[in-house]
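For the record, the sequence lines run as chains A and B.
Anchor point for the first sequence: position 74 equals 73 in numbering that gives the first Met the number 0, and the numbering is continuous, going up by one each time.
Anchor point for the second sequence: position 354 equals 353 in numbering that gives the first Met the number 0, and the numbering is continuous, going up by one each time.
If you're looking for bench data, these hints aren't it; they were derived computationally from the structure.
Some clues are possibly wrong.
To be verified - Calculated lysine-lysine pairs in the DSSO-like style (CA-CA distance at most 30 Å, straight line):
{"#": "1", "chain 1": "B", "residue 1": "LYS24", "chain 2": "A", "residue 2": "LYS322"}
{"#": "2", "chain 1": "B", "residue 1": "LYS273", "chain 2": "B", "residue 2": "LYS98"}
{"#": "3", "chain 1": "B", "residue 1": "LYS428", "chain 2": "A", "residue 2": "LYS235"}
{"#": "4", "chain 1": "A", "residue 1": "LYS235", "chain 2": "B", "residue 2": "LYS280"}
{"#": "5", "chain 1": "B", "residue 1": "LYS459", "chain 2": "A", "residue 2": "LYS235"}
{"#": "6", "chain 1": "B", "residue 1": "LYS337", "chain 2": "A", "residue 2": "LYS259"}
{"#": "7", "chain 1": "A", "residue 1": "LYS259", "chain 2": "B", "residue 2": "LYS280"}
{"#": "8", "chain 1": "B", "residue 1": "LYS459", "chain 2": "B", "residue 2": "LYS280"}
{"#": "9", "chain 1": "B", "residue 1": "LYS459", "chain 2": "A", "residue 2": "LYS259"}
{"#": "10", "chain 1": "B", "residue 1": "LYS428", "chain 2": "A", "residue 2": "LYS281"}
{"#": "11", "chain 1": "B", "residue 1": "LYS280", "chain 2": "B", "residue 2": "LYS433"}
{"#": "12", "chain 1": "A", "residue 1": "LYS235", "chain 2": "B", "residue 2": "LYS273"}
{"#": "13", "chain 1": "B", "residue 1": "LYS428", "chain 2": "B", "residue 2": "LYS459"}
What the hints assert, rightly or not - Among chain A residues calculated to face chain B with C-beta under 7 Å, some are:
{"#": "14", "residue": "PRO196"}
{"#": "15", "residue": "ALA202"}
{"#": "16", "residue": "LEU308"}
{"#": "17", "residue": "GLY310"}
{"#": "18", "residue": "ASP313"}
{"#": "19", "residue": "PRO315"}
Every residue gets a Cβ at the ideal spot worked out from N, C-alpha and C, and that includes glycine.
This is what each chain is made of:
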Amino acid sequence: MARKKALKEAPDAELFRELARRHGEKTVGWGRLETPEGQAVCFGARLPARRVRALDLEAKSGPFGWILVDGADHNSAKVPRFGDVTPMTLVTPVIVEDGLAGSASTARSSRRRRQPRRRLHVEPHRIIRLNRARSKRDLDRAESTPHHVVNADAPSLSPSGERSRVLVVMSTPVRWSEDLARARISAELAARQAFLPPGAPAASALLPLLHDLQHCFGYVHEDAVPMLAHALNLSKAEVRGVISFYSDFRTTPPAAPSLKLCRAEACQAVGSERIAAHLQSKHPHVCVEEVFCLGNCALGPAALVGDELIGRLDEPRADALVKRLEPAS
Amino acid sequence: MKVFVPADAAACSVGADDVASAIVKEAAARGVPVEVVRTGTRGLLWLEPMVEVETQEGRVAYGPVRVDEVSSLFEARFFEGGAHPRSLGVTTELPLFAKQHRLTFSRVGLIDPLSLTDFRTNGGLEGLARARELGSSAVLDEVLASGLRGRGGAGFPAGIKWRTVAQATAPQKYVVCNADEGDSGTFADRMLMEGDPFVLLEGMAIAALTVGASRGFVYVRSEYPRAVSVLRRAIELWRAERLLGPAFDVEVRVGAGAYVCGEETSLLESLEGKRGEVRAKPPLPAHAGLFGAPTLVNNVLTLAAVPFIVAEGAAAYQAQGVAKSRGTMPVQVGGNVKRGGLFEVPFGVTLRELVMDWGGGTASGRPVHAVQVGGPLGAYFPVKLLDTPLDYEAMASAGGLVGHAGIVVFDDTVDMARQAAFAFEFCAKESCGKCTPCRIGSTRGAETLAQVARGLEPEKNLALVKELCTVLTDASLCALGGLTPMPVMSALTHFPAAFAPRSTS
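Looking at chain A on its own, in the form it has when it is part of the complex (with noise of 0.2 Å):
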């Protein structure tokens, strides 16, 4: 019972099930993807919520870009081909269980029938963060970092030695929605409401909101407009006005690859306009976004890509940067 109930408040449900249906996968519960890398198994629905802590925390601040790979899968050769899929993403709301071998559909109709399925737990350490993953490499990369792995002050996961077979995955930027962008849109506002004391506006959210969808779509549809003017008790030109104010936001597909380079004086000093021009010259299909300090001082010049940051950037380096960026042919 109270796993429905959790399953009923989780509002992300109605994401995943729009997500799975967009990518041809009918069941709200846990089924097999489709991504042109191959067939993943992807899973929607809650944690119990001290789980949810553990395994949530970082799907919060940025709901897409989480894979949970099993000891098992993550040494064998296919892992890589996932990491193609950039960024690799995640839905939200997961849960781990086993018996993946079913089909979605017997998966739909056990719950209804039983009790919750036993869950597997998954050791913190293997649970890793893929958003620029293209290589063996970037994967051990991401597991090594802590940021991504579930702390030790966390409520624990304790590894069970069954054998799992667990990835969920998904490609974002997802292609542009409506019922997708509401979902997000109330999900979003309602956490943001919950925080917020009696009284104080709603339109408070229309920063974390525009992060979201930007964060989900990869920039913010003409359409989102009227959804958040309508959600916030704003007017249109009102919104259009704090995106067109912000440089994040960006209002048209995002080109790739991309990378921000820091342009401010400290990269001034050690040569970053050399590195602007070097990029543009050998480079010209990246695109070089001109940020202004990475906090990355002392050791620039620096660029940001994606999440990651990179220091002392030299040609060399910068050639390399790309390389890695460019779709795998």
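Here the structure of chain A is known, so what remains is to put chain B in place on it, guided by the hints.
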């Protein structure tokens, strides 16, 4: 055996993640039971990736470690402190570490940033516990007596701000942490949020207790994704343990690439979901801030300094520093510098010491030509002014500012006329557009300096630039327009030769 590898974004930008995973792999292959703990960075960034090992003498450091050296580290039994070409010795005895006075950054680089156990065993939560014992007015007295001044740049006495908010009567008050660290050359906020996020939460909890706020926001710039995620997880952990207090909760809000949102009123507008346009003051945010409620807006470093002050007493903090600049300042040395990093030192250290002794001069090996102190709105200092001590009043009388204490070093290849023009261009790009001097003046200034560079009526145009600077200083609504003249005028004053007409290329 514990091996410590930083997970700070700066350390990872030069390969700390790769080194950590190489150590895990190598340990597994050799069957050595090594536990890799990811920490913040010690701030000795030229030594990153710096690996540390627990030994009987204390932590021993190796660095900078390349991935291909990991194998040889194991050969040398580094996990027992064995000698290796990369050995640096005991970390706390490293000359540039031992000389520091780490009050705010005492745990950064030492602990697992998200381990409450580590935090507690290293003095964490003592300040908050004492604050609860002392009560609001006694904590206010401590903060006032400590002489702590706002670390965001303006240097306003923190205690007075706190008192103003505490005295305001309102059903709802807020504590807002300004973590929109946009100034080039500064990274202390990021390093602290990634390396010891709990100390910031502790500072915010003390502030909330003292001024009577029930909600807090940390406004972090979007350029710091790692800091955002560490902080969010830190908040989750605190909530789970109910450490924030019964009536206080904190949320992280992420900026969206607007430099001006580091200005406190613009930041509040942004938190309210609006364009980050500066508000006219008064009313002060302390009276009518977020949603019109009394709001305490403090920089990360200000709030993070508070737990030490409350735990150890104002006198312990007051004892450091000079004149009206009390306590320590985490100075960040960057740009073209040999030993770049963060050094927490008492106020009063001279720029020369910081650039030459600590920083070791330029990375390029060429002579130091200029240093910019305090970010893009700070003055460019020539070598002859490097004996200026870092303290609020001394810097001001030398025509500069402390700002967020970022020092950017330039060698003699720098084109100071270009830097002056950049200051205007930056202001033009980042201006919120609310006031005319900043919005129009910055563009006009960039155009005029471009004419000077082309040799078009240089005297007349430079006179116009100076006039523009006066208008910007006197008539801008906030520090962005008001201080843009500082880098421009300092370049004009100290490096006049750079503005001489040149041949067009």
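Hint-by-hint comparison with the structure:
1. For the hint linking LYS24(B) to LYS322(A), the alpha-carbon distance of about 26 Å falls within 30 Å, and the restraint holds.
2. Only pairs whose Cα atoms come within 30 Å are accepted, and LYS273(B) paired with LYS98(B) is rejected, the gap being roughly 45 Å.
3. Between LYS428(B) and LYS235(A), the direct Cα distance comes to roughly 25 Å. Compliance with the 30 Å bound is thereby established for this hinted pair.
4. Pair hint LYS235(A) plus LYS280(B) holds up; C-alpha atoms about 29 Å apart against a cutoff of 30 Å.
5. At roughly 46 Å between alpha-carbon atoms, LYS459(B) and LYS235(A) are farther apart than 30 Å, so this suggested pair is violated.
6. Taking the CA atoms of LYS337(B) and LYS259(A), the gap is near 25 Å; set against the 30 Å cutoff, the hint holds.
7. Between LYS259(A) and LYS280(B) the CA atoms are separated by roughly 35 Å; this puts the pair beyond 30 Å, and the hint is violated.
8. Under the criterion of a C-alpha separation no larger than 30 Å, the hint pairing LYS459(B) with LYS280(B) is inconsistent with the structure, at around 35 Å.
9. Distance restraint check for LYS459(B) and LYS259(A): the Cα-Cα separation of roughly 38 Å exceeds the 30 Å cut-off, and the hinted pair is therefore not satisfied.
10. At roughly 27 Å between alpha-carbon atoms, LYS428(B) and LYS281(A) fall within 30 Å of each other, so this suggested pair holds.
11. For the proposed pair LYS280(B) and LYS433(B), the alpha carbon gap of about 13 Å is at most 30 Å, so the pair holds.
12. This hinted pair checks out: LYS235(A) and LYS273(B) have alpha carbons roughly 13 Å apart, not beyond 30 Å.
13. Under the criterion of a C-alpha separation no larger than 30 Å, the hint pairing LYS428(B) with LYS459(B) is consistent with the structure, at around 25 Å.
14. At a threshold of 7 Å, the smallest CB-CB gap from PRO196(A) to chain B is about 6 Å, leaving the interface hint in force.
15. Here the hint on ALA202(A) is kept, as its CB sits about 5 Å from the closest CB of chain B, short of 7 Å.
16. Taken as an interface hint, LEU308(A) checks out: its beta carbon lies about 4 Å from the nearest beta carbon of chain B, inside 7 Å.
17. The beta carbon of GLY310(A) is positioned within 7 Å of a beta carbon in chain B (closest approach about 3 Å), and the interface hint is therefore held.
18. Checking ASP313(A) against chain B by beta carbon gives a least distance of about 12 Å; that is not within 7 Å, so the hint is violated.
19. Below 7 Å, beta-carbon pairs count as interface contacts, and PRO315(A) has none with chain B, the closest being about 14 Å; its hint is therefore violated.
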